[in-house]
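Line by line, the protein sequences give chains A and B. For the first sequence, my numbering gives the first residue as 1, with consecutive numbering after it. For the second sequence, my numbering gives the first residue as 1, with consecutive numbering after it.
Hint data in this document are derived by calculation from the structure and do not stem from the laboratory. By construction, the Cβ of each residue, glycine as well, lies at the ideal position given by its N, Cα and C atoms. Be a bit skeptical, because a hint or two may be false.
Using 25 Å as the maximum straight-line C-alpha spacing, the simulated SDA-like pairs for lysine to any residue come out as follows [claimed, not checked]:
1) B:K28 - A:D79
2) B:K28 - A:F21
3) B:K117 - A:D44
4) B:K88 - A:L33
5) B:K28 - A:G52
6) B:K28 - A:R23
7) A:K81 - B:G24
8) A:K82 - B:V101
9) B:K88 - A:R40
10) B:K28 - A:D27
11) A:K82 - B:E21
12) B:K88 - B:I67
13) B:K31 - A:W36
14) B:K116 - A:P42
15) B:K117 - B:Q91
16) A:K81 - A:I7
17) B:K31 - B:N59
18) A:K81 - B:E21
19) B:K117 - B:L7
Stretch-level coverage of chain B by chain A, calculated; a stretch enters the list once three of its residues show a Cβ under 8 Å from a Cβ in chain A [stated by the list, open to error]:
20) 15–21
21) 34–48
22) 97–106
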Amino acid sequence: MNVKELIDKLNLNVLTDSGDFNREVTDCYIGDLLSWVMGRAPEDSAWLTVMGNINSIAVATLADVSCIILVENASLDEDAKKKAEIHGVTILSTEENSYRLAVKISELIK
Amino acid sequence: MSNAIHLHYDVSGDDFTRAGEASGSVKKRLKSLGYNSDAIRRVAIAMYEAEINMVIHANGGYCDVDIYPDRVEILLSDSGPGIPDVDKAMQEGFSTAPDNVRNLGFGAGMGLPNIKKYTDHMKIDTTIGVGTNLYLTVNVNE
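Let the sequences and hints guide you as you build the complete structure.
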């Protein structure tokens, strides 16, 4: 499963598009405490969060996740969006909550 | 070993949004040098946590990185208030970060514990009113 397929199958909104849509998604991680996420989110995972600030972009880059998915239509700060475009971090969004989206992702990547 | 690559970064104290630039840059450098991804990830996470700490608590500082073939050594130095109780600061969940930092998703008391978790050696020299030096080593296992 790659990012593009995830977008299509889950009907996700694309908020930044400079990232690699062919990148594999092999896992899923949910969390909003950035230090916690940074230490624990597996590489190549879809990271589900409500944190759309600029520090989320740094965390996504350092933890090497495949994409950030802002759940429940959590907002993305303008400076965060700019930084994500520069660093090629794909940010997606959905109105679904973390649990429901993760259940669907689990079906797709197993 | 003499063939270390030395990198130096200033960490701005008032700009939360720029934290992560030093660690991001080191990450890129290690990647281009062909270090293994586990080591790169550990260096990047430890450095980022330390950068964030410097921004939150110490009004910035600087960071020296020495890249050796078998390890990466990092010194993060600040002239901040110092850490009154290092043992307490090392406990997961203990934090003195203000609310505005918590709203950004930090201040969960994970910084130093994370740094310890991801490094092979960690030493804190801290003096109240003078500042803190944090020495980190990440071994690069092939």
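Now the hints, each set against the structure:
{"no.": "1", "hint": "B:K28 - A:D79", "in the structure": "holds, 22 Å"}
{"no.": "2", "hint": "B:K28 - A:F21", "in the structure": "holds, 21 Å"}
{"no.": "3", "hint": "B:K117 - A:D44", "in the structure": "holds, 21 Å"}
{"no.": "4", "hint": "B:K88 - A:L33", "in the structure": "holds, 20 Å"}
{"no.": "5", "hint": "B:K28 - A:G52", "in the structure": "holds, 24 Å"}
{"no.": "6", "hint": "B:K28 - A:R23", "in the structure": "holds, 18 Å"}
{"no.": "7", "hint": "A:K81 - B:G24", "in the structure": "holds, 17 Å"}
{"no.": "8", "hint": "A:K82 - B:V101", "in the structure": "holds, 21 Å"}
{"no.": "9", "hint": "B:K88 - A:R40", "in the structure": "holds, 22 Å"}
{"no.": "10", "hint": "B:K28 - A:D27", "in the structure": "holds, 23 Å"}
{"no.": "11", "hint": "A:K82 - B:E21", "in the structure": "holds, 15 Å"}
{"no.": "12", "hint": "B:K88 - B:I67", "in the structure": "violated, 31 Å"}
{"no.": "13", "hint": "B:K31 - A:W36", "in the structure": "holds, 24 Å"}
{"no.": "14", "hint": "B:K116 - A:P42", "in the structure": "holds, 19 Å"}
{"no.": "15", "hint": "B:K117 - B:Q91", "in the structure": "holds, 12 Å"}
{"no.": "16", "hint": "A:K81 - A:I7", "in the structure": "holds, 18 Å"}
{"no.": "17", "hint": "B:K31 - B:N59", "in the structure": "violated, 29 Å"}
{"no.": "18", "hint": "A:K81 - B:E21", "in the structure": "holds, 16 Å"}
{"no.": "19", "hint": "B:K117 - B:L7", "in the structure": "holds, 23 Å"}
{"no.": "20", "hint": "15–21", "in the structure": "holds (count 4)"}
{"no.": "21", "hint": "34–48", "in the structure": "holds (count 5)"}
{"no.": "22", "hint": "97–106", "in the structure": "holds (count 3)"}
Checked against the numbered hints given earlier, this structure breaks hints 12, 17; the rest are met.
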